[in-house]
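Visitor: What follows is the residue order along each chain.
There are 4 protein chains.
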Amino acid sequence: MAELGARVWLVPGGRIPFSDTAAERELSGGTAAEPEFTSFDQLCVLNTTDRTAELSLDFYYEDTDPVGPYRLVVDARRIRHVRINDLIDPEAIRLDRPYGCLVRSPVPVVVQFLRQDTRLPDTVALTGLMAYPAD
Amino acid sequence: MAELGARVWLVPGGRIPFSDTAAERELSGGTAAEPEFTSFDQLCVLNTTDRTAELSLDFYYEDTDPVGPYRLVVDARRIRHVRINDLIDPEAIRLDRPYGCLVRSPVPVVVQFLRQDTRLPDTVALTGLMAYPAD
Amino acid sequence: MAELGARVWLVPGGRIPFSDTAAERELSGGTAAEPEFTSFDQLCVLNTTDRTAELSLDFYYEDTDPVGPYRLVVDARRIRHVRINDLIDPEAIRLDRPYGCLVRSPVPVVVQFLRQDTRLPDTVALTGLMAYPAD
Amino acid sequence: MAELGARVWLVPGGRIPFSDTAAERELSGGTAAEPEFTSFDQLCVLNTTDRTAELSLDFYYEDTDPVGPYRLVVDARRIRHVRINDLIDPEAIRLDRPYGCLVRSPVPVVVQFLRQDTRLPDTVALTGLMAYPAD
Chain A
-9 MAELGARVWL VPGGRIPFSD TAAERELSGG TAAEPEFTSF DQLCVLNTTD RTAELSLDFY
51 YEDTDPVGPY RLVVDARRIR HVRINDLIDP EAIRLDRPYG CLVRSPVPVV VQFLRQDTRL
111 PDTVALTGLM AYPAD
Chain B
-9 MAELGARVWL VPGGRIPFSD TAAERELSGG TAAEPEFTSF DQLCVLNTTD RTAELSLDFY
51 YEDTDPVGPY RLVVDARRIR HVRINDLIDP EAIRLDRPYG CLVRSPVPVV VQFLRQDTRL
111 PDTVALTGLM AYPAD
Chain C
-9 MAELGARVWL VPGGRIPFSD TAAERELSGG TAAEPEFTSF DQLCVLNTTD RTAELSLDFY
51 YEDTDPVGPY RLVVDARRIR HVRINDLIDP EAIRLDRPYG CLVRSPVPVV VQFLRQDTRL
111 PDTVALTGLM AYPAD
Chain D
-9 MAELGARVWL VPGGRIPFSD TAAERELSGG TAAEPEFTSF DQLCVLNTTD RTAELSLDFY
51 YEDTDPVGPY RLVVDARRIR HVRINDLIDP EAIRLDRPYG CLVRSPVPVV VQFLRQDTRL
111 PDTVALTGLM AYPAD
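Residue numbers (the working numbering), protein chains in the order written: chain A, -9 to 125; chain B, -9 to 125; chain C, -9 to 125; chain D, -9 to 125.
It should be emphasised that the hints constitute simulated quantities derived from the structure, not laboratory data.
Some clues are possibly wrong.
[What the hints assert, rightly or not] Ranges between beta-carbon positions, derived for each pair: (1) Pro25/C with Asp53/D: 15 to 23 Å; (2) Ala66/B with Asp125/C: 17 to 25 Å; (3) Thr54/D with Arg87/C: 30 to 38 Å.
Note that the structure is predicted; figures quoted are calculated from it, not measured.
Think of the CB as a built atom: it goes at the ideal place given N, C-alpha and C, for glycine as much as any other residue.
Build out the structure end to end from the sequences listed, making use of the hints.
Guide: The following block contains the structure:
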């Protein structure tokens, strides 16, 4: 099968919503369990190729130089959904700080962005979009 | 008319939200009727051609080999909106399990993804995006 | 300026959510005013050219032949946001009926889709996506 | 590194939701703080190049000539997230007025659109999409 996707993807509009999850739990009477109902930004990667995709991520900010590379491995013929909150090396991505993300892969992949926003109690907002393929 | 669309489409960010619909009904006092207010992931396909589109779907996972093909027929000059929950052959797509989807069609079609999330009572979240066309 | 956009656009995933707006008003104690808080699907068209865009829309369904053309005029250097509910000639688009839409324009335009879902009282869900450009 | 993105981007479906934020605060018992929970439309720009991007924005309306250019600077190797509400020169963008936006940049950038809708108390709706790249 032909290889599907692109090797460079960009997301300009990142910002992990900050949830005061303790307050959330109290107000919702326990309905909203952790970590299912925390707020998060997520990258979803689909690697249909027969080779491991060792992705390199760089994060861009409003007021400082880009930080990276972050490493993310997506095995051959696998997906990987990673919460931006979980990226900690070389440094954690801070909550409520606007960022953009550049994803580079040695093999073609497809990259989607998803945000779940549960900052207000007992409500969920979602938005997803395909990242922009640049090659 | 020229044929419109592409023959290969990909969605990296699938995951059918799990709704405890019994709890949902109780808490909402019957406002939220089934199956209108269950959570679902959906593929929406538009076939403007004069030929039947016999689609082949493969599902990719984080920890196991892809599963497929699933078969989905979209008649000539028709749409089809299918809930991922309803795909059961060769096996059902489990709730809350991250997946990616590869759609192949012998004729050009257009594929959109839609998620409705009603895990919390009395609230609806929606997100939709065009799948990524790869040919 | 070069002409911006495409002449053919497609949206596979239409379905105008049905709001029982009378019930909605009662439950929300009057907070949700009409028609700001009804449910709708919307097409948003941007025509940056110096010529009027006389668009032709065809609607595709699951179980019957396409219906159209619907006519929609977007003046030169103007936008137009039209609720699908307001398209009535040659026939109204029924609520809760899945559809796909094909938009054709004699001049390049850009087409976006937006859904507002207010079926449940006191909550708003939104999803938007760019239509698929096919030329 | 090759330059990533496009020099012309379009968003057809703008409209800043009008929040009666005083009513919002009262009804939410102070949960929803300003300006985190106001309604807004936002442009998110990622400039991965080594040159400053001096963007030019034009706003298109339903019933009058386009207004612009608005100027927006995105430094080299930086992002910028700007609320449409904050664009005031040559004139403020009015709330609840449908608009489309044309973004031009002398260097390649990537542009995303995001809407947060908090018109109803204690609920957040989000929708995001990549702008349409036209060159």
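Visitor: Taking 15 to 23 Å as the stated bounds, is the beta-carbon spacing between Pro25/C and Asp53/D within them?
Guide: Since the Cβ atoms of Pro25/C and Asp53/D sit about 19 Å apart, the hinted range of 15 to 23 Å holds.
Visitor: Taking 30 to 38 Å as the stated bounds, is the beta-carbon spacing between Thr54/D and Arg87/C within them?
Guide: The hinted range 30 to 38 Å holds for Thr54/D and Arg87/C, with Cβ atoms some 36 Å apart.
Visitor: Taking 17 to 25 Å as the hint, is the beta-carbon distance of Ala66/B and Asp125/C inside that range?
Guide: The hint (17 to 25 Å, Cβ to Cβ) holds, given that Ala66/B and Asp125/C are roughly 21 Å apart.
Of the numbered hints listed earlier, not one is contradicted by the structure.
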